[in-house]
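Asker: Chain residues, written in single-letter form:
Number of protein chains: 2
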Amino acid sequence: MEVMSAENNSCCLNNGDVVEKMKRFGRLTCRKIWKVGKEDKRRVIHSLKVGISLSLVSLLYLMEPLFKGIGENAIWAVMTVVVVLEFTTGATLYKGLNRGLGTLLAGLLAFLIERIANESDHIFHAAFIGTAVFLVGAVTTYMRFFSHIKKNYDYGVVIFLLTFNLITVSSYRVDSVLKIAHERFYTIAIGCGICLLMSLFIFPIWSGEDLHLSTVAKFDGLAKSIEVCINEYFSDGNINQQEEKVKKYSMEMEDPIYKGYKDVLDSKSSDETLALYASWEPRYLRSCSWQQYVKLGTVLRHFGYTIVALHGCLQTEIKTPQSVRVLFKDPCNRLAREVTKTLKELSDSIRNRRKYCSEIPSNHVHEALQDLIDALKSQPRLFLSTNSNTNILLALATLATRQKSGKDFLVSLPSVNNDDPARLGLSHVLKEGDKKILRPTLSKNGITSLEFLEALPFAAFASLLVEIVARLDLVIEQVVELGRVAQFKEYSHDDVVINVSCDNNPRVESEFPSSHTAAD
Amino acid sequence: MEVMSAENNSCCLNNGDVVEKMKRFGRLTCRKIWKVGKEDKRRVIHSLKVGISLSLVSLLYLMEPLFKGIGENAIWAVMTVVVVLEFTTGATLYKGLNRGLGTLLAGLLAFLIERIANESDHIFHAAFIGTAVFLVGAVTTYMRFFSHIKKNYDYGVVIFLLTFNLITVSSYRVDSVLKIAHERFYTIAIGCGICLLMSLFIFPIWSGEDLHLSTVAKFDGLAKSIEVCINEYFSDGNINQQEEKVKKYSMEMEDPIYKGYKDVLDSKSSDETLALYASWEPRYLRSCSWQQYVKLGTVLRHFGYTIVALHGCLQTEIKTPQSVRVLFKDPCNRLAREVTKTLKELSDSIRNRRKYCSEIPSNHVHEALQDLIDALKSQPRLFLSTNSNTNILLALATLATRQKSGKDFLVSLPSVNNDDPARLGLSHVLKEGDKKILRPTLSKNGITSLEFLEALPFAAFASLLVEIVARLDLVIEQVVELGRVAQFKEYSHDDVVINVSCDNNPRVESEFPSSHTAAD
Chain A
1100 MEVMSAENNS
1110 CCLNNGDVVE
1120 KMKRFGRLTC
1130 RKIWKVGKED
1140 KRRVIHSLKV
1150 GISLSLVSLL
1160 YLMEPLFKGI
1170 GENAIWAVMT
1180 VVVVLEFTTG
1190 ATLYKGLNRG
1200 LGTLLAGLLA
1210 FLIERIANES
1220 DHIFHAAFIG
1230 TAVFLVGAVT
1240 TYMRFFSHIK
1250 KNYDYGVVIF
1260 LLTFNLITVS
1270 SYRVDSVLKI
1280 AHERFYTIAI
1290 GCGICLLMSL
1300 FIFPIWSGED
1310 LHLSTVAKFD
1320 GLAKSIEVCI
1330 NEYFSDGNIN
1340 QQEEKVKKYS
1350 MEMEDPIYKG
1360 YKDVLDSKSS
1370 DETLALYASW
1380 EPRYLRSCSW
1390 QQYVKLGTVL
1400 RHFGYTIVAL
1410 HGCLQTEIKT
1420 PQSVRVLFKD
1430 PCNRLAREVT
1440 KTLKELSDSI
1450 RNRRKYCSEI
1460 PSNHVHEALQ
1470 DLIDALKSQP
1480 RLFLSTNSNT
1490 NILLALATLA
1500 TRQKSGKDFL
1510 VSLPSVNNDD
1520 PARLGLSHVL
1530 KEGDKKILRP
1540 TLSKNGITSL
1550 EFLEALPFAA
1560 FASLLVEIVA
1570 RLDLVIEQVV
1580 ELGRVAQFKE
1590 YSHDDVVINV
1600 SCDNNPRVES
1610 EFPSSHTAAD
Chain B
1100 MEVMSAENNS
1110 CCLNNGDVVE
1120 KMKRFGRLTC
1130 RKIWKVGKED
1140 KRRVIHSLKV
1150 GISLSLVSLL
1160 YLMEPLFKGI
1170 GENAIWAVMT
1180 VVVVLEFTTG
1190 ATLYKGLNRG
1200 LGTLLAGLLA
1210 FLIERIANES
1220 DHIFHAAFIG
1230 TAVFLVGAVT
1240 TYMRFFSHIK
1250 KNYDYGVVIF
1260 LLTFNLITVS
1270 SYRVDSVLKI
1280 AHERFYTIAI
1290 GCGICLLMSL
1300 FIFPIWSGED
1310 LHLSTVAKFD
1320 GLAKSIEVCI
1330 NEYFSDGNIN
1340 QQEEKVKKYS
1350 MEMEDPIYKG
1360 YKDVLDSKSS
1370 DETLALYASW
1380 EPRYLRSCSW
1390 QQYVKLGTVL
1400 RHFGYTIVAL
1410 HGCLQTEIKT
1420 PQSVRVLFKD
1430 PCNRLAREVT
1440 KTLKELSDSI
1450 RNRRKYCSEI
1460 PSNHVHEALQ
1470 DLIDALKSQP
1480 RLFLSTNSNT
1490 NILLALATLA
1500 TRQKSGKDFL
1510 VSLPSVNNDD
1520 PARLGLSHVL
1530 KEGDKKILRP
1540 TLSKNGITSL
1550 EFLEALPFAA
1560 FASLLVEIVA
1570 RLDLVIEQVV
1580 ELGRVAQFKE
1590 YSHDDVVINV
1600 SCDNNPRVES
1610 EFPSSHTAAD
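Sequence lines, in order, name chains A and B.
Residue numbering for the first sequence follows my numbering, starting at 1100 and increasing by one per position.
Residue numbering for the second sequence follows my numbering, starting at 1100 and increasing by one per position.
Certain hints may be false.
To be verified - Here are the simulated EDC-like cross-link-like pairs (lysine to aspartate or glutamate), alpha carbons at most 20 angstroms apart as the crow flies:
#	chain 1	residue 1	chain 2	residue 2
1	B	Lys1361	A	Glu1371
2	A	Lys1250	B	Asp1362
3	A	Lys1131	B	Asp1253
4	B	Lys1278	A	Glu1171
5	B	Lys1250	A	Asp1362
6	B	Lys1250	A	Glu1138
7	A	Lys1323	A	Asp1429
To be verified - Quick list of the computed label-pair ranges, beta carbon to beta carbon:
#	chain 1	residue 1	chain 2	residue 2	range
8	B	Asp1470	A	Arg1123	56 to 66 angstroms
9	A	Leu1211	B	Thr1230	39 to 49 angstroms
10	A	Thr1128	B	Pro1164	50 to 60 angstroms
If you are wondering where the hints come from, they were derived from the structure by calculation, not from laboratory data.
Yeah, the Cβ is synthetic: ideal placement off N, Cα and C, and Gly gets one too.
Given the sequences, and given the hints that come with them, work out the whole structure.
Answerer: Written out as structure tokens, the structure is:
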């Protein structure tokens, strides 16, 4: 009895479990559906557009007077809408025009083949059609491997092959095949017309605009990456904490640095697809600015690779002591701040479709770079001996100080500011002579020593920062070129005044929101 | 008269020009056609397969007895072949199965809708169909935005929408629509059958095999990049020559280093497409090894980013003097050689579908890494002063030497071999005392001095080499995992004997050519 009730209980529990699971699944699905729409509201609009277009085109078939005019072939209009109406206007135009062109050419070729085939008897006719189908099929398929055709006309070629086969093969049994083909072309044109109307005039979604916004987002992501990267490198947290953080990030892939640049790294194919579709959109045809966006994307990817390497410096096993990092914290911070500021200015200029004035901000970056280089130069020379195991200078220095003033002293010198401290700095010191140089002090911590090996990671970090500036120049070059090609508005002086203030968030809120420019 | 003859001449010339141009265009086109086929002979095979399939399926329509059995709808088989038969088996299966599933589900839903609609009067029937078309159109289109559906079933969803609309809309006018749908399904199945037959049994082209080979090629490309990179960095050519080379490369994009890694960097989308198709291929379904190839691809991309940064070191404006680079040439060269050797071994093990034995070669790499680290450690400590503008040690050293022996001398010391030269090296020197330390020599070149700034690029280079080794371990991890998941043959000891010989081209020619494994 007890056993049974227990079984009953577990059964009830199982039922409860199943209901609970179903409920949870339902909730998850609802949340997922909501999320997909919330991420990009245009998805909802596009879905409604497809529904409306299909209903509209169905009317051709469903309404008596329209059906009488067009007839059975109205179904081809429905088919066209399903296949051609895509998310963005560019994609719809690409597919629609390719479909139109493919159908037209296939019709012409089929007409030619039929004319030739009709001259012959029945069996030869069949053989002729079979051969034509084989040859056109093989040649057309081979053509799809040409990269230019593959890229721009792949869909058109498939439709060409499809239509050609439909017409040629049908023509063997049906005499009025050209009439049918003519009618179908007519209904396909209606379908294409509805698609173009829907995608060009009702809430149009432009691939070119997507490309534009994704480029802006890339700049923001890269700026964010550099900012976080520098902050983490010079943060005071101890090394173990940082390592744990890095481990955590690598498990969950949520590292904000990685998040900032990951979209840039893998942007090639999405950029190229968007640019392909944009190339069919009327507003981009004239300027060919989509090509420039692709070029800018390539330069940004290479910029991104350097940030990946910079990120790698944070994760390296050999750490440069915090005390050494602190020495260069200010110039590095300043340089990084200037670079991120420039990136944000570039993103703002593209967002607002204004030409970018490359001179003023770029100079700030180069000033900051010069600062960093000066800071690096101000360090004493390195001595590498060719018989690679001597510590001579170290020994010399120590000896010299010992001979003069005992065991544990270090000396300080007036600072030597000079463009070439390696040469002039030395002579300056020597001119000042013995009296000053060896004045003893008691500041034990005045000089930090570290192994060459320990200096490596910092050297790599600094070197990559310098590299980033070099690559930033290439990016600026492409942005200026973009402004020229895409005929952005002239640079106005007001922007500088706002942008030049060097706070942490120098982003200027866009005066011309992108939706405005998208609709014009 | 003269004018006329001159005109005639120019006219003839123009005609000649046109003919010449036409000829040249013809030659170019022929060469292009030849090249596309030569690059990948499977393209020719695929084109012939499509031609043959289309001819076969046309027979359904062209041959009297077959046509009597199947009728008008035979044309749908032709359509299916055009749309479904793709280059690789996986792609054909993906499209064929998606098409089949989409058609089936659409038919069922259409049947359900028709049952409900038939209960009502004519006008309500039309309204009901219109509403159904709108709703199904909108919902289906919205579903295409879910990433999982987009990735795996996008084509199926489009076919579902297409078939549903065709059947539902047609059913309003044609009573026997379900009979037609049934017949069409039948012919579509024939079309799909021919496609599957062609792609599974006649010269099959496997996406999984493409993914496999492209992975192998990536390893070879990366190895090549590192090899050339190191050779160029330590080549004796003067800096100007190198710069010219770099400029030439950047113009023509033919830099062998760039060529080696560029395919790796942008491999994400092609990898994912190949993996998607491979996931539909029967031989990969069981092991899910395609997922592991994608993971390996991700790790290889990150490995590639480090090589990009290494490549950047060659192009940097601040150059480390050749004399300093030479100091570290041997350990760097050895490390790079070991890394490329490991990469080639990895590529061989994947090519031959053998498990990779990670221990032996990896140790060689770590030995070489230790060598480099030792070489770096053997250099004297660096001194960085916190009041950052003093050249104190330099001055001290110079003074000490001046005081003892005049203006232009440098001293050499017996080498100090020790694990911690920073600490022990110093005491060793001090023990030896004054007598040895300040023994003057005349070898001016005994010690190379350089600015910290000049040391940066080399430090970055060395640091990136160390980083490469770290990333190589991650790559090895994934290759071992691949061997496990894809059930590669056990590692045999013979391979090591061949591979371990450390020449420049340690590639073992594959005993099991890939065509063999592809056909089994």
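Asker: Given the hinted pair Lys1250(B) and Glu1138(A), is their alpha-carbon gap at most 20 angstroms?
Answerer: Since the Cα atoms of Lys1250(B) and Glu1138(A) sit roughly 18 angstroms apart, the hinted pair holds (cutoff 20 angstroms).
Asker: Determine whether the Cβ-Cβ distance between Asp1470(B) and Arg1123(A) falls within the hinted range of 56 to 66 angstroms.
Answerer: 58 angstroms, holds
Asker: Mind checking the alpha carbons of Lys1278(B) and Glu1171(A) for me, to see if they're no more than 20 angstroms apart?
Answerer: Given that 20 angstroms is the threshold and the Cα spacing comes to 17 angstroms, the pair holds.
Asker: Lys1361(B) and Glu1371(A): Cα distance at most 20 angstroms?
Answerer: 16 angstroms, holds
Asker: Within 20 angstroms, alpha carbon to alpha carbon, are Lys1131(A) and Asp1253(B)?
Answerer: Holds: Lys1131(A) and Asp1253(B) sit about 18 angstroms apart, inside 20 angstroms.
Asker: Mind checking the alpha carbons of Lys1323(A) and Asp1429(A) for me, to see if they're no more than 20 angstroms apart?
Answerer: Since the Cα atoms of Lys1323(A) and Asp1429(A) sit roughly 19 angstroms apart, the hinted pair holds (cutoff 20 angstroms).
Asker: Assuming the hint says 50 to 60 angstroms, is it satisfied by the Cβ distance from Thr1128(A) to Pro1164(B) or not?
Answerer: 51 angstroms, holds
Asker: Assess, step by step, whether the Cα of Lys1250(A) is no farther than 20 angstroms from the Cα of Asp1362(B), and give holds or violated.
Answerer: With Cα atoms ~18 angstroms apart, Lys1250(A) and Asp1362(B) stay inside 20 angstroms; holds.
Asker: Honestly, do Leu1211(A) and Thr1230(B) meet the 39 to 49 angstroms range at C-beta?
Answerer: Cβ of Leu1211(A) to Cβ of Thr1230(B): about 45 angstroms, so the range 39 to 49 angstroms holds.
Asker: Run the distance test for Lys1250(B) versus Asp1362(A): straight-line Cα separation, threshold 20 angstroms.
Answerer: 18 angstroms, holds
In terms of the numbered hints stated before, the structure departs from none.
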